[in-house]
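*Asks:* Chain residues, written in single-letter form:
2 protein chains.
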Amino acid sequence: MDSFFNPSSVAIIGASRDPNKVGHVILRNLLDSGWKGKIFPVNPNAEEILNNKVYASVKDIPEPVDLAIVAVPAEIVLKVVQECGKKKIRNAIVISSGFAEIGEHKLEEKLVQLVKKLKIRMIGPNCLGTFDGFSSFDSLFLPRYRLKRPREGGISFICQSGAIGSAILDLATTQGFGFSKFASYGNAADIDESDLLEYVGNDPNTQVVCIYIEGVKDGRKFLEVARKVSKKKPIIAIKGGVTEQGNKAVMSHTGALAGSAEIYAGVFKQAGIIQAASLEEMFDFAKIFEKSMAPKGQRVQVITNGGGYGILSTDAIVKNDLKLAELSKETSSNLRKVFPERVIVKNPMDLIGDATTERYKLAMDACMADDNADVLLVVILYQTPLVTTDVVDVIIEAKRMQKKPIVVVSTGGEFTEVLRKNLEDNGIPTYTYPESAVKSIKALADYYKVR
Amino acid sequence: MDSFFNPSSVAIIGASRDPNKVGHVILRNLLDSGWKGKIFPVNPNAEEILNNKVYASVKDIPEPVDLAIVAVPAEIVLKVVQECGKKKIRNAIVISSGFAEIGEHKLEEKLVQLVKKLKIRMIGPNCLGTFDGFSSFDSLFLPRYRLKRPREGGISFICQSGAIGSAILDLATTQGFGFSKFASYGNAADIDESDLLEYVGNDPNTQVVCIYIEGVKDGRKFLEVARKVSKKKPIIAIKGGVTEQGNKAVMSHTGALAGSAEIYAGVFKQAGIIQAASLEEMFDFAKIFEKSMAPKGQRVQVITNGGGYGILSTDAIVKNDLKLAELSKETSSNLRKVFPERVIVKNPMDLIGDATTERYKLAMDACMADDNADVLLVVILYQTPLVTTDVVDVIIEAKRMQKKPIVVVSTGGEFTEVLRKNLEDNGIPTYTYPESAVKSIKALADYYKVR
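First to last, the protein sequences are chains A and B. For reference, each letter of the first sequence is one residue, going -9 to 441 in our numbering. For reference, each letter of the second sequence is one residue, going -9 to 441 in our numbering.
Worth flagging that the hints you see were computed from the coordinates, not collected in a lab. This structure is a prediction, so every number in the text was calculated from the model and none was measured.
One copy or any two copies: either way a pair holds, since identical chains are not told apart in the list.
Derived PhoX-like pairs (lysine-lysine); straight-line CA-CA distance at most 25 angstroms:
1) Lys49 to Lys106
2) Lys411 to Lys393
3) Lys259 to Lys309
4) Lys313 to Lys238
Please take these sequences and the hints and turn them into a complete structure.
*Replies:* Following this line, the structure appears as structure tokens:
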């Protein structure tokens, strides 16, 4: 499967001179990607595209080809796949649409028979294919100026919807979460969601798996694979079409046999999968799993420079069945000695509006050292002038101790955004609102509790 | 009350040369604000600050003063308020802290007696004061480079927590929602949440009121005012401290008598107040109320260029007890004639991945004209190259027809963000995720249904 994410060489069948054609965009994207492998554009009607020699057929390529990306009209897919077989290519991503998704079941069946005969493993047809944050390889036919590629990171995303997949990859570039593997597998005629799940389960760079499915091809296989993977790393899933009308929309979209919400909820539970209530929640959760170590328990200590945020955090902790940490008497009395009288050394710990970076450092160091707190929820509102920007370094230093998870909440505009992004880039999960931070802590703590 | 938001002249008592002092920051902010009134800095130990003549006392100011901003140490607040009385100043914002919130109830009581005697109306003490998006006046002591001021708009926000207030104002500058009045009223020793609510209820620029409270000073008064206001415009509230532990944190913070979650939920319901589950939800709701006309009913038509988004939107519509619109046969057959065969003319209407701006225009025009749809939920994923940027103009044109609310969902990075912001600036509420868009539509439709 590695050849789908970091092939040594790739043939782009259907590479085109026309900048609006899928085959052109894929070639241009790959040339700009930073991926190190060899690229062979294939097109019988061109000699050179974007300064690259073009081959009339894969058979003409003088070197071995690890992976074929097929982006030709549906009616000639069988022909080019046949040629891939002759060239002994073992892996293909078929981008082309016009198969089962529009009722062309026979054509798809022929394609499946052919790849089986030729011993080719196939992703697709009717898909976006793959993206790899580490190798920088991708087969996505969406231009880089519209869909920026995210940085490398611990999230892998298996996504039945190409649109959801590409929108989220793009979103990640401004939100600061990183990806290992992404796969949009389309009709799943050969390689399906379970194969991909198993693969990312074994990928050492994957810390957490996100999966959007409209239907599962083989329920038993999925359950078996998910059970195995969820013991090693968290899986967060959304099932599209959990309502009757949503289900009908699934039928028009991927034609997947959707199954009821209850059945899926049951399967997810049995498989140890975390079911997200929304796309937003999925990536709120993914972010904390990507970046956090396992907490030892469910006791959260809140540190804040805004009293209202402390209160909303506390409400959220209680509502989500987490526990408020109670610091030891020693920790509390030590902090009271060094803090001004108005600082509230409780939980929430309110460093109040004139909090300095030094005050944050004292509070965090003390809470890191106190075994009565399992997770730190640190609210930093950058609107007040005495919190200097090096508070970011204080947080990063605290995280380096590797003692307990730290989650940061900040709400604000441009100034806040720069500092928030900086924290994300340094491995600290950040949230705009206390409620989403606490829900994510809950998902984290529960996953490791069960494990 | 207008004098608190757009005074003709203001005295800043405690204006300071020290850039770290509250009195300095308020003066500098006001000078930079674009507000048109007269500013009189007051400080017995300075002659000029930031090129402005300084007066030793308000009594020395040669012209009438409409509002005093008091930012001096607690122990001399009574003295300067006394002088305000002599100067016949009728309105004061007392920023200074050191009163009831730290147990100095007697000092606060004296202050209240004094302002009553002098017939001064007072916001504070221990507050941030006010911001007005239209007059550009503000008394906030947070520097403009850290807390950018949002543009004018239809949201008014009454906020017991200064930190939440300032963080949200700052957030609004990048999210594109606008404010009419903002007030952080601190200890509410004189003017309280109900007075402010009544005032913004009558403010013609206020389309929607957001309110964050930890406790209410006078429950009966609040209920009475809220009932009146909620008939004219929506009120969205969050009660901080709805759990027992959150309640305890309230006691340490503002000392408000918090009352149970159930009591507040009951009062909110009786008063016609929409209770938000989180800060995020509050401003998701506020955004749609700020920008949308009343829908005629609960039937939502989804238009999308990504099938997965259509499915998630459909699930959300059903889960939130909204209805899926069913377009007339005429509308549907007209659209089928002009669209390629693969476009799915149903609800969700899937314009599919190669959707052009023209396709969006046809779809929107048809849905605007069809009385079977009350609200349009338009998903635009900008990752695909055929959606040109002028789709933004198509949406804005459709909104100008003033026929039904339009809500846009787009997920993505920088490119998406520019177009999203553009829509917000042109009065279209936008959301990153379908689930939050649908929840907001539900709040909108329910408010106008009850009304």
